[in-house]
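One line per chain: the protein sequences are A and B, in this order. Following the working numbering, the numbering of the first sequence begins with 1 at its first residue and continues without gaps. Following the working numbering, the numbering of the second sequence begins with 1 at its first residue and continues without gaps.
Take these hints with a grain of salt, some might be off.
Note that the list lumps identical chains together, so a pair holds whenever it fits in one copy or between two copies.
With a cut-off of at most 30 angstroms between alpha-carbon atoms, the simulated DSSO-like pairs for lysine-lysine come out as follows [claimed, not checked]:
1) 31 <-> 279
2) 344 <-> 50
3) 272 <-> 338
4) 348 <-> 50
5) 119 <-> 336
To be clear, the hints were calculated from the coordinates, so they are not data collected in a lab.
2 protein chains.
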Amino acid sequence: MKIPKGFSFGVAEAAIKKPGRPDMAVIFSEKEAAIAGVFTTNRIKGAPVKLDIERIKKGRAGAIVVNSGNANVCNGQKGIRDAREMARIAALGLGIDEETVYVASTGVIGTPMPMERIKPVLAAMAKGSGALVSGFEDVARAMMTTDTFPKYAARSFKLDGREVRIAAVAKGSGMIHPNMATMLCFIITDIGIGKAALNRALRDSVDKSFNRITVDGDTSTSDTVLLMANGLAGNPPVKISSGGYAQFSRALDDITTELARMVARDGEGATKLIEVHVKGAKTKKDALSGAFTIADSPLVKTAFFGNDANWGRIMAALGRSGISIEEEKVDIYMGKIKIVGGGKSKGKDAEAGRLLKASKEISLVVDLNLGVWSEKVLTCDLTDEYVRINAEYRT
Amino acid sequence: MKIPKGFSFGVAEAAIKKPGRPDMAVIFSEKEAAIAGVFTTNRIKGAPVKLDIERIKKGRAGAIVVNSGNANVCNGQKGIRDAREMARIAALGLGIDEETVYVASTGVIGTPMPMERIKPVLAAMAKGSGALVSGFEDVARAMMTTDTFPKYAARSFKLDGREVRIAAVAKGSGMIHPNMATMLCFIITDIGIGKAALNRALRDSVDKSFNRITVDGDTSTSDTVLLMANGLAGNPPVKISSGGYAQFSRALDDITTELARMVARDGEGATKLIEVHVKGAKTKKDALSGAFTIADSPLVKTAFFGNDANWGRIMAALGRSGISIEEEKVDIYMGKIKIVGGGKSKGKDAEAGRLLKASKEISLVVDLNLGVWSEKVLTCDLTDEYVRINAEYRT
């Protein structure tokens, strides 16, 4: 992984939830960076999210502090003080303005942060940039909760003769209802870029990636995507109207899409990655609602787990989604197998079932045959393991 | 169970999905009855639902034919012909107008009805009212799919010196997402009642009962509630303005509420019945949306299964429900234990966990402390057994 110039990383163990694994990390840019962010729309927001939303207005960033094991949500004024204190300690060690430090926390809700353990560990980890000797992959590992693998991706491209690098880490594993399971993603780049371009590129990219694995556009109390750009690649600053903007956007989209796919694949207890593609819709909104209603249906998801090409549940989900639909026009494909034609069975359920059994990734295509709009959403199957993970999460 | 006068019942085995259990039933009124109905709002509707919606406009009813094992949904024109044929055969045997026969089917979607088995069995069962020798409880049994127990209830009361009886059977066991799992309920009464009063009483009653165990107000492709009133009690016909209307409504509400509770309790794989009570809401709509969002959250449901008083998930569900909420005003009670006060933990999670472990029924009260509106919704926990049932349903 090619790491953008001027970034360094620290990882440490503060035993926030339990000992035995790294659960804190710092991402540091030696040159103050521009920053853009996208945050949860949940009305209940974690203390770190509240802090970041305030700080990002100025668009300045020196470092990000992240921890797993505790989300610091619903902890009242103490929660806010603790998030602020974490930023202050990191800033002090790194010798930067505390207003340029962002915080992200993921884990249980409603338990106060164990600051007595966090403070000394954070102070030691952030003791000057020379102490930051970890790799970016290590940051991905320290962010994990129920994730089964660390998630990172990188791209680079030439711009005006300079090499520009982008790299990102993400966590998220509650795909089945990501509206509740925190999704964090930190993207770093050494591109020189204007504030408007940075913001627009991030917003558009998240809409095409993480917002296509999110049910109903709902988000957890802590969802956070941050993009830091420190300009050390040395290119002339990119604007929305520059040629370089498209190049940067493409590389950014590649990374966010790749990470979103990893988050969906790592859905809690999942055995299958499912791409739900609704096409032939009357409107864009119809295509998206139809795809999300199918992708969010527990009955559809459990059928996929059981390798059952149960298209009746897909039809029923479409029917209750509120979108325009004509029963006798609907075609449904599982992979390349047409299982429904004109709203009726094509007698291929057993064949499709065998395909499901043999597949770790499956494409479900629903053609409404009513218009030209099309949307794709990623989801995964619903398994007994999902229930086990979420029934036992705190115990 | 006191059965209303003039009704008789037949039950038979047609091996619609598989042999070995009764899967067809007929409910017959010797005197033509008035009828009111409430049907699914899903845009994909089963053939029997389409037939019933057409017939109920005239408000006349002689019989209801019901089967389990096949929902007769998404079967194109053949589905419509088959539903019509089932009504015709029953009408012929019972000697009544086929336009007064209603059909309800529950089971798999998209598989043609095995009419070669259904026709002779139905003809033999409905061979004159003298052949209808089964009990009303038997009808409840024949309707079962994944239900673990038959559901019926009855009430009677005095009206103008006459005894009026109401009885009902219901099926439904996909409580976790009843929007997909068919709910059927057939209510019979011998009260004399006007058409407007009958319709209004049923609509109001369903809204207070079955619509309070339904997620988002969504319904399956086949949901059907029918209420037949044959007038044989001999009371002067009840109107909305009559004193008897309140008596009738109360008895009807008792029955529908009792059955709705049974349906929730029998949620697929459920181990707990959960009453979600949101109070102190700014509006009625807020109270209802808040209660449904909590009741529908897989993360909340799995936590209940794990006896984990995970109120963070409840707060997060409230936060994404879109209702007015002030974090620092929220109180949450598990049974009588206050686990959250002013949006923060009261340190009673372990105690509440023990209560959960000991309870088959639990009341969850969320006080938003913002207004006077209050709504209750019934749901159940989400278990690995739910996943097993729905992954293996067709296999």
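To see whether the hints hold, each was checked on the structure:
Taking the closest pair of Cα atoms, residue 31 and residue 279 never come within 30 angstroms of each other, the shortest separation being 46 angstroms inside a single copy and 51 angstroms across copies. Within a single copy, residue 344 and residue 50 get their C-alpha atoms only as close as 51 angstroms, which misses the 30 angstroms cut-off; across copies the closest is 17 angstroms, which meets it. In this assembly of identical chains, the alpha carbons of residue 272 and residue 338 lie at most 30 angstroms apart only when taken from the same copy (20 angstroms versus 40 angstroms across copies). In this assembly of identical chains, residue 348 and residue 50 lie within 30 angstroms of each other by CA distance solely across copies; the values are 27 angstroms between and 52 angstroms within a copy.
In this assembly of identical chains, the alpha carbons of residue 119 and residue 336 never lie at most 30 angstroms apart, being 55 angstroms within a copy and 38 angstroms across copies at closest.
Checked against the numbered hints listed earlier, the structure breaks hints 1, 5; every other hint is satisfied.
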